[in-house]
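Top to bottom, those sequences are chains A and B. If you read the first sequence in our numbering, its first letter stands for residue 501, the second for the next number, and so on. If you read the second sequence in our numbering, its first letter stands for residue 501, the second for the next number, and so on.
Hints may contain errors.
One copy or two, it doesn't matter: identical chains are merged, so the pair holds either way.
[To be verified] Calculated cross-link-like contacts (lysine-lysine; reagent style BS3-like; alpha-carbon spacing at most 30 Å): (1) Lys521 with Lys946; (2) Lys591 with Lys737; (3) Lys521 with Lys945; (4) Lys910 with Lys521; (5) Lys910 with Lys876.
What the hints contain is simulated information worked out from the structure, not anything from laboratory work. Bear in mind that the values here come from a model prediction, so they are computed numbers and not experimental data.
Number of protein chains: 2
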Amino acid sequence: MSDLVIIGGGGAGLTAALKAKAYNGDANITIISDDTLSYSPCSLPFVISGEIESFDKISHGIEEICKQSDISCVIDEAVSIDTKKKLVKTKNGKEFSYTSLVLATGASPIIPPIPGADLDGVYPLQKIGDAKRILEKAKKSKSAVVIGGGAIGAEAAASLRNRRLEVTLVELLPNILATPFDPDFSAMVEDKLRENGITLVLGKKAEKILGGNSVEAVLVGGKKIPADLVVFGVGMKPNTELAQKAGIETCNGIKTDEWMQTNIEGIYAAGDCAFTHCLVTGEPTLSQLGTSAIRQGTAAGTNAVGGYATIEGVLNSMSLRIFDLEIGRTGLTEGHARERDIETVTGHATAKTKADYFPGAKDIHVKLIFDASNHKIIGGQIVGYAGVAEKIDLLAFAICMHAEINDLAKLKYGYTPPLTPEHNVIALAAENASRKLDRIKKVRKKKF
Amino acid sequence: MSDLVIIGGGGAGLTAALKAKAYNGDANITIISDDTLSYSPCSLPFVISGEIESFDKISHGIEEICKQSDISCVIDEAVSIDTKKKLVKTKNGKEFSYTSLVLATGASPIIPPIPGADLDGVYPLQKIGDAKRILEKAKKSKSAVVIGGGAIGAEAAASLRNRRLEVTLVELLPNILATPFDPDFSAMVEDKLRENGITLVLGKKAEKILGGNSVEAVLVGGKKIPADLVVFGVGMKPNTELAQKAGIETCNGIKTDEWMQTNIEGIYAAGDCAFTHCLVTGEPTLSQLGTSAIRQGTAAGTNAVGGYATIEGVLNSMSLRIFDLEIGRTGLTEGHARERDIETVTGHATAKTKADYFPGAKDIHVKLIFDASNHKIIGGQIVGYAGVAEKIDLLAFAICMHAEINDLAKLKYGYTPPLTPEHNVIALAAENASRKLDRIKKVRKKKF
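Can you build the whole structure from these sequences, using the hints too?
Structure, rendered in structure tokens:
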């Protein structure tokens, strides 16, 4: 009998276990993990690229971590939950009864139904095992095709290019990173990929993966692209089967409330499997980011042992580094706002990463997105060569604090030549939005 | 007859002129500058250090800048203001009548009354001429003593050390950077200076500067420190004589209101000469930072030609880079709070600049200072190896948005291994403050 059983040993599950133990040292906690290793999936592209020297650097034995915190760890797979009897059964025939349960079952890579997707040399990139296989194959390969231009696809393409492979990135939509970014910002990342020798095939479908035993080429728009290696970066589907079978409410993910509790009392969900909500619109949304997994795991674990922790929703703040380019985003894009009939005012600015006369000063581009009805910031995108992640943190904070155009235009930024320029790019972008708003007001006045 | 006369062509004066012109293109604007060059004083240490290759890179002819914006520029020195006749007289005997006037007379370096301060090879570091003299002398020198451990002193010491001089920094107080930082954070900068071979003599007074025509040594605590070059970084005194003679109210600076207007209608002041107020406490304060000069110049210039722009006060956000160490601060220190009987709760955290397994991850230390009575952030200090300036911008923004401990603990930060770690150091510091507050509450409960 455990006070708390956690299914899944990824970021959300392990965080839930550790935070539960930290909150309530007396709680008897069992974690059921089908993986013996704990690691951050975000780190995998950088082992493939060679920037991190080995997989040992990024992974730790999950049993060891649990032992240090007096948490029971069972390497096994949960196969069913009896929510009446409060019992979890595993593949190895074991049973675990619980008072509280946290589902941190994660997500699985989406493998599109393309003929040849089962050939040798075709892999998704989600787990450490995938990354190991990709790296082994990459070492013996001359060319690679990455299918899918989301964050994982873009990072995978850059990683393989770092290993000097000929890399083609295929994306069905007209732009890469089409969900997190607007096309103007995606285009800057596309330029960076091309500059570094990656071929982009946009707006086209990978029709077929060709080869004997092992992949040899990918057919895209009737054209054969040679490939010794294919990586799927198409997205991830929440693992909800276990929850569904147990009668826990799911849609495209396990439904949760602000406490990360499911529709069944005492059963929580966290991480890539959990459906949460958007902080700006309140709409249900999937997050599938490491930071969300940690926050949700913290809340689920704390609440599951008698604590009180809420999640106000997610902004899906994300930063990436593609070659030497830093890119980041938070909140809604212009596209998201348009889909929801939210009228926006945007502010654009380009400035330097340090004083323009200081050696090494490079460009940084910012777009701020404000709700035209109340002038509050609802999103932002940044592409540049330094400080992007920190600036995205500031914008996310601004959204949480309900900041308006003027609040950002009056930003009390610092200035020091080797670190930051005289004019802050966020303040400049807010001033740009402010001037646009003035023009809108004038036009309305004239019309009247 | 000018609509607007501006006395001073530094950051505040030139900004006032350009912003006035931008706001009101018809305004007839004259700027009286005793310097022919426009430059950022913050850049001077980096030309001395050799990081910026020449003074040409950082300076522009002020007459040229004015010409481009249809502003009259007079290279001369204002010697008196007749506020009744609205007339400025100059050293060269010219007279300029005005409708509005902006005083941007700057500040002068404080030269402490030390015997020998007038020897050759002893310079302040404020103007481009000072920096040129220091650089020329440094090229022929083996040793230097910097007197004063404020921002300018610390940067000057690092710059000269970069030129391979034997450098000693002498500070009267027990710590360098004693006004902007608390001793725990100053100590980290002191360690960095020592690591790089600078000798620190703290808590001691430079008693005498010794030499024939040229400086040879500095006597500190009865001990001779050899010096071919001495730099004063003791601070700056606002240039208020002109204003005082004209009957404009001054204290340690020209008194201004939220519009940067002095006690006399139509006369504004901005930049290093202007006394402004602290955004947190509302107290009158000197800022003397480049960013304040720009903001105040913007407000003064805009208001002087019929616009409406206010300054809510300053936080004195500041970032510096000392060798490879980035340091920053905003708002009140613990020391400032103590002097004002503000009870504080602080939050401390140390984290990494990127994921700890990513090559090149280094430490970053944060201290957040909250008002214990309402949990609002009133200040912050950061020392680390990346992203410090941007994080200080976030803290300054948090102060302006009246953010509380919890708002910062719930920061929706991003995570990507090469740029930012899994746990954000600001959020960790806020959590630390939150736990301290819980302990304070428990202790109070027990006492009762």
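These are the hints, each one checked on the structure:
1. Lys521 with Lys946: between (64 Å within a copy, 26 Å between copies)
2. Lys591 with Lys737: So Lys591 and Lys737 pass the 30 Å test inside one copy only (22 Å; across, 77 Å).
3. Lys521 with Lys945: between (61 Å within a copy, 25 Å between copies)
4. Lys910 with Lys521: Only across copies: Lys910 and Lys521 sit 20 Å apart there, 43 Å inside one copy, limit 30 Å.
5. Lys910 with Lys876: both (14 Å within a copy, 19 Å between copies)
Checked against the numbered hints above, the structure breaks none of them.
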